[in-house]
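Peer 1: Using this note's numbering, the first residue of the sequence shown is number 1, and each one after it goes up by one.
If you are wondering where the hints come from, they were derived from the structure by calculation, not from laboratory data. Everything numeric in this text was worked out from a predicted model, so none of it was measured. Among the hints, a few may not be true.
Said to hold, decoys possible - Once the Cα atoms are required to be at most 27 Å apart in a straight line, the calculated BS3-like pairs of lysine-lysine come out as: (1) Lys770 / Lys21; (2) Lys94 / Lys116; (3) Lys175 / Lys214; (4) Lys99 / Lys39; (5) Lys42 / Lys21; (6) Lys615 / Lys675; (7) Lys214 / Lys192.
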Amino acid sequence: MAEGGKTDVETQKTEMEALLKTPLRKAETWYLVDSSWFKKWKKYVGFDSWDMNVKGSQIVFPGPVDNSGLFRDWHMLDIKEHLIDELDYYLVPKEGWKKLVSWYGLKDGQEPIARKVVEVGMFVKHYKVEVYLTKLMLCEDNNMDNIVPRRFSKADTIGLIEREMRKLFSVPDEKETRLWGKYMNNTWEPLKNLNSTIQDAGLYQGQVLAIEPKNEDNMWPRDSSKANKKAESRISVDRNEFVCAVCLDLLKDPVTIQCGHSYCKSCITGHWDHEDQKRVYSCPQCRQTFSPRPALARNTMLAEVVEKLKKTELPADCYAGAGDVQCDVCTGRKYKAVKSCLLCLNSYCQNHLEQHEGFFKGKKHNLTEATGRLQEMICSEHEKQLEMCCITDQQCICVLCMKYEHKTHNTVSAAAQRTEIQKQLKETQQMFQQKIQQREKDLQQLRECVESHKRSAQTAVKDSETIFSELIRSIERSHSELIRLIRDQEKTAVSRAEGRLERLEQEINDLRRRDAELEQLSHTQDHIQFLQSFRSLSSPPESTEVNDKPSSPLFSYDGLRESVHQLRDKLEDFCTEEIKKISDRVKLTNIAPKTRNDFLQYSHQLTLDLNTINKHLCLSERNRVIANTDKAQLYPDHPDRFDQWFQVLCRERVCGRCYWEIEWSGDVFISVSYKSISRKGLGKECVFGRNAKSWSLICTPSRYSFIHNNIETELPKVSSHRTGVYVDPSAGTLSFYSVSATMSLIHTVQTTFTQPLYPGFRVGSGSSVKMC
């Protein structure tokens, strides 16, 4: 039998995996589960591929479902504020919650945190689980001082609220009742449709609702006719309903065309003037066409309404702008709030403030300057105004906190503590002003230092350019002198050779002539002529003697070439040594890149080492895309190949500052590793991030984390599936960035790298990585 009940962990994983993909449907119930417990459960069932090594282990057995981390006060079922989906909690559908509780149970004393799905969005509708409920202030019509706050879902009906109020105020079932909603202009409206939801009825946060039971004489305590008249008097118009769609201002001399839309007479006339050539005239809003051109008549009733609206309208500077606190009661375009009420937890413009004052005349409502921090001024425990200060805990509290939770502590009124702190404030201000003066002085000195550095650097650049120009000219002169010497040697050698050539050619011609005469003499019949001629012809001509051997070069340039090579080598060695000495004297400051363009200067093209790739990883798009498939690839055996883990290393090591980007889907590890990481087997020494030789960012659709030496750090989830990696080995920096329209840091590591680094990837089942 499995630890989590009778269902084995693999079945749990499969069933929950399917249920978590359930689409949201309006009014259905979902449940919040504390992320700490849910992550333990995911490890226990091996929900993610990297947790397979602890799957089913007693070490990670989650125990009963425990939501204690979500409650501010679990006795009141009051959850903490500002909880974040998949960081603080996970949402599971009703069927998924039932299964988790049946497998593991629920921690003693805890109640499920059930929330309904509601429709949100003014124009584009979508569904969302309503984590935070709407707080309504409930009271009896005959006892409005006894207000009881209760929270409801926007999907709850008016009928459900009425039943809750009946129980809360002990109204008998047989007693006929009706509900009223209070509005800030001192009017009440009946909530007649019990099937209407809170969202459909337009009830807002902090609104007061009163339940009115019928009198014994079968009469209602309230005068319905007066209530209806008051309700009618609160009907108002929104300025935006009387704005011309062409000039976006209030209608001037309004006219209504045949389709029903209204415009300023001058605006629609100008619009149609541009369409005169086509002889077809259209409405700027609905595009309905008219032919011939319609005649325009003034809409008298509309003009009167606009005139009245102009008279009642506040000046334009009364509207709330950027940074202003908005009136919580205004509909349509909101006015600027002038005061906030710490009891009602609303902010009011001048008009609605006067209505508030009239409605609560004689009652103590604490008004303060308009603020957008109303919730921070109310005790989250008792929902009362923060009026006291606990010196012991250094926090603001309400009177009930002082009476109960802080009764043994040193407490004073907020005003008294303000007086004390005011003294410290002046001392702190004085200290800050002194620091400002000192920092301004430091700033000025630093600016002067920077300017001095710039001037010195510019002078050094000019001097260097002058010196190197002289060096270049000196080398060029030496080069010219050497060329001249070679040419002079060439002329001398060629001149000697040409004289020798001339003499040799003359001697050869003389020998050829004598040979021809001897050949002719050999054929003569006259013996006397033969004897006399042979004596003169047989003596050899005068020979040309030269010192150089005919077969040897007249002059050897090998020695000269060797000397020039030695000169070059000595010069290069000298320059290298001297530049190094200069470089050692200059301390360079590394400026870290900040923008994506800065990072792209260090962009590095990755090439996968095909000898390391696991056989279940398939390559495509010229080896730029890695995908995990069920089919094993026909890679040859190799000692560098990862034989068990779905991993691959890149061929190039990281040299100096490097940056690369990848796009991913599914479950992947984006890693850097020493080349000495083990390749064979299932041990941690082979897994990216599970040992001291590698660092990994774990990316999945549901979570992010960083792991090194088997220590994992949870990270906030990011939406982009394009990730940038920046490495500076000499500075010991490894950083991961989310890349979209902008770059945002996911995680950075400061360490000491002792070996060359190689980029690597681990690609989970059904996942892929694309190197950009």
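Peer 1: All the hints need checking, so say for each whether the structure fits it.
Peer 2: Outcome of the hint check:
1. A distance of roughly 26 Å separates the Cα atoms of lysine 770 and lysine 21; the hinted pair therefore holds under the 27 Å criterion.
2. Taking the CA atoms of lysine 94 and lysine 116, the gap is about 10 Å. The hint holds against a cut of 27 Å.
3. This hinted pair checks out: lysine 175 and lysine 214 have alpha carbons roughly 7 Å apart, not beyond 27 Å.
4. Straight-line distance between C-alpha atoms of lysine 99 and lysine 39 comes to about 16 Å, which keeps the hinted pair within the 27 Å bound.
5. Distance restraint check for lysine 42 and lysine 21: the Cα-Cα separation of roughly 15 Å lies within the 27 Å cut-off, and the hinted pair is therefore satisfied.
6. Under the criterion of a C-alpha separation no larger than 27 Å, the hint pairing lysine 615 with lysine 675 is consistent with the structure, at around 19 Å.
7. With a CA separation close to 15 Å, the supplied pair lysine 214 and lysine 192 stays within the 27 Å bound.
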